[in-house]
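Chains A and B supply the protein sequences, listed in that same order.
The opening position of the first sequence corresponds to residue 0 in numbering that gives the first Met the number 0, with each subsequent residue numbered one higher.
The opening position of the second sequence corresponds to residue 0 in numbering that gives the first Met the number 0, with each subsequent residue numbered one higher.
If you're looking for bench data, these hints aren't it; they were derived computationally from the structure.
Be aware that a few hints might be false.
All copies of an identical chain are treated as equivalent in the list; a pair is satisfied when it fits inside any one copy or across any two copies.
Stated by the list, open to error - Computed list of lysine to any residue pairs in SDA-like fashion (alpha-carbon distance at most 25 Å, straight line):
{"no.": "1", "residue 1": "Lys125", "residue 2": "Asp25"}
{"no.": "2", "residue 1": "Lys287", "residue 2": "Glu33"}
{"no.": "3", "residue 1": "Lys94", "residue 2": "Ala128"}
{"no.": "4", "residue 1": "Lys8", "residue 2": "Arg269"}
{"no.": "5", "residue 1": "Lys41", "residue 2": "Glu114"}
{"no.": "6", "residue 1": "Lys277", "residue 2": "Glu60"}
{"no.": "7", "residue 1": "Lys297", "residue 2": "Pro222"}
{"no.": "8", "residue 1": "Lys96", "residue 2": "Asp284"}
{"no.": "9", "residue 1": "Lys10", "residue 2": "Ala249"}
{"no.": "10", "residue 1": "Lys248", "residue 2": "Gly110"}
{"no.": "11", "residue 1": "Lys23", "residue 2": "Pro136"}
{"no.": "12", "residue 1": "Lys125", "residue 2": "Tyr36"}
{"no.": "13", "residue 1": "Lys125", "residue 2": "Phe30"}
Please read all numbers here as calculations on a predicted model, not as lab measurements.
Single-letter residue listing:
There are 2 protein chains.
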Amino acid sequence: MSMDALIEKIKETGNPTVAGLDPKLDYVPEFIKEEAYDTYGKNAKGAAKALLAFNKGLMDELSGIVPAVKPQMAYYEMYGLEGLMALSETVSYAKEKGFYVILDGKRNDIGSTAEAYAEAYLGESKIDADTTWTDFPADALTVNPYLGTDGVLPFVKQCEDRDKGIFVLVKTSNPSSGEFQDLVIDGQTLYERVATLVNRWGMSTVGKTGYSGVGAVVGATYPQQIEDLRKLMPNTYFLVPGYGAQGGKAEDVAKAFNADGLGAIINASRSIMCAYKKAGAPEADFAKAAKEEALRMKYDIIRFI
Amino acid sequence: MSMDALIEKIKETGNPTVAGLDPKLDYVPEFIKEEAYDTYGKNAKGAAKALLAFNKGLMDELSGIVPAVKPQMAYYEMYGLEGLMALSETVSYAKEKGFYVILDGKRNDIGSTAEAYAEAYLGESKIDADTTWTDFPADALTVNPYLGTDGVLPFVKQCEDRDKGIFVLVKTSNPSSGEFQDLVIDGQTLYERVATLVNRWGMSTVGKTGYSGVGAVVGATYPQQIEDLRKLMPNTYFLVPGYGAQGGKAEDVAKAFNADGLGAIINASRSIMCAYKKAGAPEADFAKAAKEEALRMKYDIIRFI
Numbered sequence: 000m001s002m003d004a005l006i007e008k009i010k011e012t013g014n015p016t017v018a019g020l021d022p023k024l025d026y027v028p029e030f031i032k033e034e035a036y037d038t039y040g041k042n043a044k045g046a047a048k049a050l051l052a053f054n055k056g057l058m059d060e061l062s063g064i065v066p067a068v069k070p071q072m073a074y075y076e077m078y079g080l081e082g083l084m085a086l087s088e089t090v091s092y093a094k095e096k097g098f099y100v101i102l103d104g105k106r107n108d109i110g111s112t113a114e115a116y117a118e119a120y121l122g123e124s125k126i127d128a129d130t131t132w133t134d135f136p137a138d139a140l141t142v143n144p145y146l147g148t149d150g151v152l153p154f155v156k157q158c159e160d161r162d163k164g165i166f167v168l169v170k171t172s173n174p175s176s177g178e179f180q181d182l183v184i185d186g187q188t189l190y191e192r193v194a195t196l197v198n199r200w201g202m203s204t205v206g207k208t209g210y211s212g213v214g215a216v217v218g219a220t221y222p223q224q225i226e227d228l229r230k231l232m233p234n235t236y237f238l239v240p241g242y243g244a245q246g247g248k249a250e251d252v253a254k255a256f257n258a259d260g261l262g263a264i265i266n267a268s269r270s271i272m273c274a275y276k277k278a279g280a281p282e283a284d285f286a287k288a289a290k291e292e293a294l295r296m297k298y299d300i301i302r303f304i
Numbered sequence: 000m001s002m003d004a005l006i007e008k009i010k011e012t013g014n015p016t017v018a019g020l021d022p023k024l025d026y027v028p029e030f031i032k033e034e035a036y037d038t039y040g041k042n043a044k045g046a047a048k049a050l051l052a053f054n055k056g057l058m059d060e061l062s063g064i065v066p067a068v069k070p071q072m073a074y075y076e077m078y079g080l081e082g083l084m085a086l087s088e089t090v091s092y093a094k095e096k097g098f099y100v101i102l103d104g105k106r107n108d109i110g111s112t113a114e115a116y117a118e119a120y121l122g123e124s125k126i127d128a129d130t131t132w133t134d135f136p137a138d139a140l141t142v143n144p145y146l147g148t149d150g151v152l153p154f155v156k157q158c159e160d161r162d163k164g165i166f167v168l169v170k171t172s173n174p175s176s177g178e179f180q181d182l183v184i185d186g187q188t189l190y191e192r193v194a195t196l197v198n199r200w201g202m203s204t205v206g207k208t209g210y211s212g213v214g215a216v217v218g219a220t221y222p223q224q225i226e227d228l229r230k231l232m233p234n235t236y237f238l239v240p241g242y243g244a245q246g247g248k249a250e251d252v253a254k255a256f257n258a259d260g261l262g263a264i265i266n267a268s269r270s271i272m273c274a275y276k277k278a279g280a281p282e283a284d285f286a287k288a289a290k291e292e293a294l295r296m297k298y299d300i301i302r303f304i
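Start from the sequences and build out the full structure, keeping to the hints where you can.
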């Protein structure tokens, strides 16, 4: 019902970062794709099996180094049903390897429809109490707040009932995030309004570490806003995208942490997945390069917190 | 690149409504579930096959009566991978039967991630130009605007390139929709700000009927706002949820139409799917009851436009 499970893994690894698993085929080494196409055909299944093999290779090296992974659902949905099967296997494998799994789906809807999403990713599928299954057994899910409290509480309920978490979009990392999020109402920005409700939504889910199960997405590319939001949401865990490729620096993301050294998890996706390309390493060393980049990122960040 | 394809089907049927396909197992007649469980087992596959058989039965009767169907993705994701297979088959069957298909997924993300969602539901999955597939061949997708222009333009691009549509959440039908959407900035609500951008996002996609490919979701439960938004977005097609079960009346939703009798499509989901329950009809007549309710709704609405 809180972020305790995430915090435990962060403490175990001494690493407050999360590796995004957003596997476009372009990122996957040729030898992995060739093997998958030879075995399954150059088709949907072959593509999905290549993505899965890439993910597994990365997770094998990152296990014990990085506490969490964040599959971005869009990149699996992009490959259709086979892509979604690769997502299901990726989540299961991540759990086996001991990662905390944040599904980045930015889901949102109202009432019983929001309940359906919450059951899909934080709860369980069911026919009745005796017949249940879980194809996407994640620990946390990202959620878009535009629909208001009705659209968020069904997710909070799963946090309460099942020791799960959500991360609500507050201030996103993209260039046009301010278009709506920065609008000022009575001296307060929209993202600050959302932040105030994130506090309220999370109140019933505060764990033994003092953090609630309702986290916030706060982009690394807006360091001043990180600082303001840190004060406004003292009990909220921040999921911080935008470090590295999008321009967020370690000094910037350091502002997302509380004095206890906790309170934030910093995401990097492409810089880890494609580290072998940037390093000019042989493709066979893709996972080793990812591990080195993950360690570089860890030490880059923890020197400031 | 516009709503022309939808408008054509609305004119063919003389019916500006869309049937939501949100098939919870509770809605499905017992005889359909029993047959599916007998054939496939009382498990994920059996459940998904029951949903699909229910959808097909409904679509067989609604074809030619209702111009469009709107599967709500959450209810398929709720049943895991088998549920998503049922969604894929539902979309394909809807296309075969001549329906315009609006996938209600409220997807949202930034940059290349939004592109991935757009390709998944409005474009195609691909390895390269010679190897493509489409598991969810929808005509339109609902999109959440909280991330701003960066998060919407990748979807607009598919509208431009492929004669597809999107419906952007502007003013939703739920009780707490006003929490953020009604906030006032410099004399204008947030939903009006979003509406202004919907106009701009759609400018490159106006079709021969004068409507752009970028539509808006506007809830039937807020008739005054429908009227205001109709004036603010003259070239925008409105997808209007909230008629019937949520309290929106025909007089209310009539305000969503332009003087040309076009400009809106009114959704009903549970009232059509579960019409047999409300009518006390035998379960075997579920599809006939749905058709009768769809026709009742049609005539209820068109008398006002």
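How the hints compare with the structure:
no.	hint	in the structure
1	Lys125 / Asp25	between (37 Å within a copy, 11 Å between copies)
2	Lys287 / Glu33	within (20 Å within a copy, 52 Å between copies)
3	Lys94 / Ala128	within (24 Å within a copy, 35 Å between copies)
4	Lys8 / Arg269	within (22 Å within a copy, 43 Å between copies)
5	Lys41 / Glu114	between (38 Å within a copy, 23 Å between copies)
6	Lys277 / Glu60	within (18 Å within a copy, 57 Å between copies)
7	Lys297 / Pro222	within (19 Å within a copy, 53 Å between copies)
8	Lys96 / Asp284	within (20 Å within a copy, 50 Å between copies)
9	Lys10 / Ala249	within (19 Å within a copy, 58 Å between copies)
10	Lys248 / Gly110	between (39 Å within a copy, 20 Å between copies)
11	Lys23 / Pro136	both (22 Å within a copy, 21 Å between copies)
12	Lys125 / Tyr36	between (35 Å within a copy, 14 Å between copies)
13	Lys125 / Phe30	between (40 Å within a copy, 19 Å between copies)
Comparing the model with each numbered hint stated earlier shows that all of them hold.
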